[in-house]
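Chemist: Sequence:
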Amino acid sequence: MVALVTSQLATSGTVLGITDRVRRAGFQGVRPRSPADAALGMRTVGASAAPKQSRKAHRGTQRCLSMVVRAAGSGGMNLVFVGAEMAPWSKTGGLGDVLGGLPPAMAANGHRVMVISPRYDQYKDAWDTSVVSEIKVVDKYERVRYFHCYKRGVDRVFVDHPCFLEKVRGKTKEKIYGPDAGTDYEDNQQRFSLLCQAALE
1 MVALVTSQLA TSGTVLGITD RVRRAGFQGV RPRSPADAAL GMRTVGASAA
51 PKQSRKAHRG TQRCLSMVVR AAGSGGMNLV FVGAEMAPWS KTGGLGDVLG
101 GLPPAMAANG HRVMVISPRY DQYKDAWDTS VVSEIKVVDK YERVRYFHCY
151 KRGVDRVFVD HPCFLEKVRG KTKEKIYGPD AGTDYEDNQQ RFSLLCQAAL
201 E
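Numbering follows UniProt numbering, with no gaps: position 35 of the sequence shown is 35.
Don't take every hint at face value.
[Stated by the list, open to error] Listed next, the in silico SDA-like pairs over lysine to any residue satisfying Cα-Cα at most 25 Å (straight line): (1) Lys151 with Gln190; (2) Lys91 with His148; (3) Lys140 with Glu186; (4) Lys136 with His148; (5) Lys124 with Lys140; (6) Lys91 with Leu200; (7) Lys91 with Lys140; (8) Lys124 with Gly83; (9) Lys140 with His161; (10) Lys124 with Asp139; (11) Lys175 with Arg112; (12) Lys175 with Gly153; (13) Lys175 with Gly101; (14) Lys124 with Gly76; (15) Lys151 with Arg112; (16) Lys140 with Arg191; (17) Lys124 with Gly101.
[Said to hold, decoys possible] Here are the simulated distance ranges between beta carbons: (18) Asn78 with Thr183: 16 to 22 Å; (19) Asp184 with Gly94: 17 to 23 Å; (20) Val132 with Asp97: 15 to 21 Å; (21) Leu200 with Ala108: 25 to 31 Å; (22) Gly153 with Asn188: 38 to 44 Å; (23) Gly76 with Leu200: 33 to 39 Å; (24) Glu201 with Ala181: 17 to 23 Å; (25) Gly75 with Asn188: 34 to 40 Å.
It should be emphasised that the hints constitute simulated quantities derived from the structure, not laboratory data. Values in this document were obtained by computation on a predicted structure and should not be read as measured data. We treat Cβ as the ideally placed atom computed from N, Cα and C, and that holds for glycine.
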């Protein structure tokens, strides 16, 4: 998002009320070194160090670049998280906690968020989307189905394939990556390649 705003500032004279004069002179008396630094520097100064009186004075004529970043995204970004585990459905450690907690926090900030994870069990709250896709992994084609649920402002998509279901049943613990702690399944590379390819579909 910042790269988009940076390229707009470098090529155009006016971006949402920020004129070429303001871009050259800097923001609030701070002179940037380059157009890229201008975008990032003006955003930082405008968002954190600008006095409240100056913000009120500039509200009608000029906008802080922190507002430009939000306006360019038109209501937030589209974010997709892909991971082998997602709490509370599947969790062996910190990754499951992150994919269970971070996406709802991002959705609460106005972003559209989707999390894609394998379907290791028969999740009661996930419904079959009736979408079937054929994905080439190594030298053969595999058919996957997608299950979906919407919780806490996040679209949760589960990739369904026998390679995920046959290895793990019930409470996952360390069974996601291997039968015992420290031991991996031999086909982990193919299983998680399938997950990545299915996420791209």
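Chemist: Please go over all the hints and tell whether each is borne out by the structure.
Modeler: For each hint, the structure was consulted:
With a C-alpha separation of about 29 Å, the suggested pairing of Lys151 with Gln190 is violated against the 25 Å cut-off. A threshold of 25 Å between alpha carbons decides the hint, and for Lys91 with His148 the separation of about 18 Å falls inside it, so the pair holds. Using a Cα cut-off of 25 Å, the hinted pair Lys140 and Glu186 holds, with the two alpha carbons roughly 17 Å apart. The hinted pair formed by Lys136 and His148 meets the criterion: a straight-line CA distance of about 22 Å does not exceed 25 Å.
Straight-line distance between C-alpha atoms of Lys124 and Lys140 comes to about 31 Å, which puts the hinted pair past the 25 Å bound. A threshold of 25 Å between alpha carbons decides the hint, and for Lys91 with Leu200 the separation of about 23 Å falls inside it, so the pair holds. With a C-alpha separation of about 30 Å, the suggested pair Lys91 and Lys140 falls outside the 25 Å cut-off, and the hint is violated. Using a Cα cut-off of 25 Å, the hinted pair Lys124 and Gly83 holds, with the two alpha carbons roughly 20 Å apart.
A distance of roughly 14 Å separates the Cα atoms of Lys140 and His161; the hinted pair therefore holds under the 25 Å criterion. The straight-line distance between the Cα atoms of Lys124 and Asp139 is roughly 34 Å, outside the 25 Å bound, and the hint therefore fails. In summary, the hint linking Lys175 to Arg112 is not supported, as the alpha carbons are separated by about 31 Å, beyond the 25 Å threshold. With a C-alpha separation of about 29 Å, the suggested pair Lys175 and Gly153 falls outside the 25 Å cut-off, and the hint is violated.
Distance restraint check for Lys175 and Gly101: the Cα-Cα separation of roughly 22 Å lies within the 25 Å cut-off, and the hinted pair is therefore satisfied. Taking the CA atoms of Lys124 and Gly76, the gap is about 30 Å. The hint is violated against a cut of 25 Å. With a C-alpha separation of about 12 Å, the suggested pair Lys151 and Arg112 falls inside the 25 Å cut-off, and the hint holds. Proximity of Lys140 to Arg191 is assessed by CA-CA distance (about 13 Å); at most 25 Å being required, the pair is judged to hold.
Restraint check: the Cα-Cα separation between Lys124 and Gly101 comes to about 20 Å, which is no more than 25 Å; the hinted pair holds. Roughly 38 Å separates the CB atoms of Asn78 and Thr183, a value that falls outside the hinted 16 to 22 Å. One distance hint, 17 to 23 Å for the beta-carbon pair Asp184 and Gly94, holds here, with the actual separation near 18 Å. In this structure, Val132 and Asp97 break the distance hint of 15 to 21 Å, their C-beta atoms being roughly 31 Å apart.
Between Leu200 and Ala108 the beta carbons are some 27 Å apart, a value that agrees with the proposed interval 25 to 31 Å. Roughly 31 Å separates the CB atoms of Gly153 and Asn188, a value that falls outside the hinted 38 to 44 Å. Checking the proposed 33 to 39 Å range against Gly76 and Leu200 shows it is violated: the Cβ atoms sit about 22 Å from each other. Between Glu201 and Ala181 the C-beta distance comes to about 32 Å, which lies outside the given range of 17 to 23 Å.
Taken as a hint, the range 34 to 40 Å holds for the pair Gly75 and Asn188, whose Cβ atoms sit roughly 38 Å apart.
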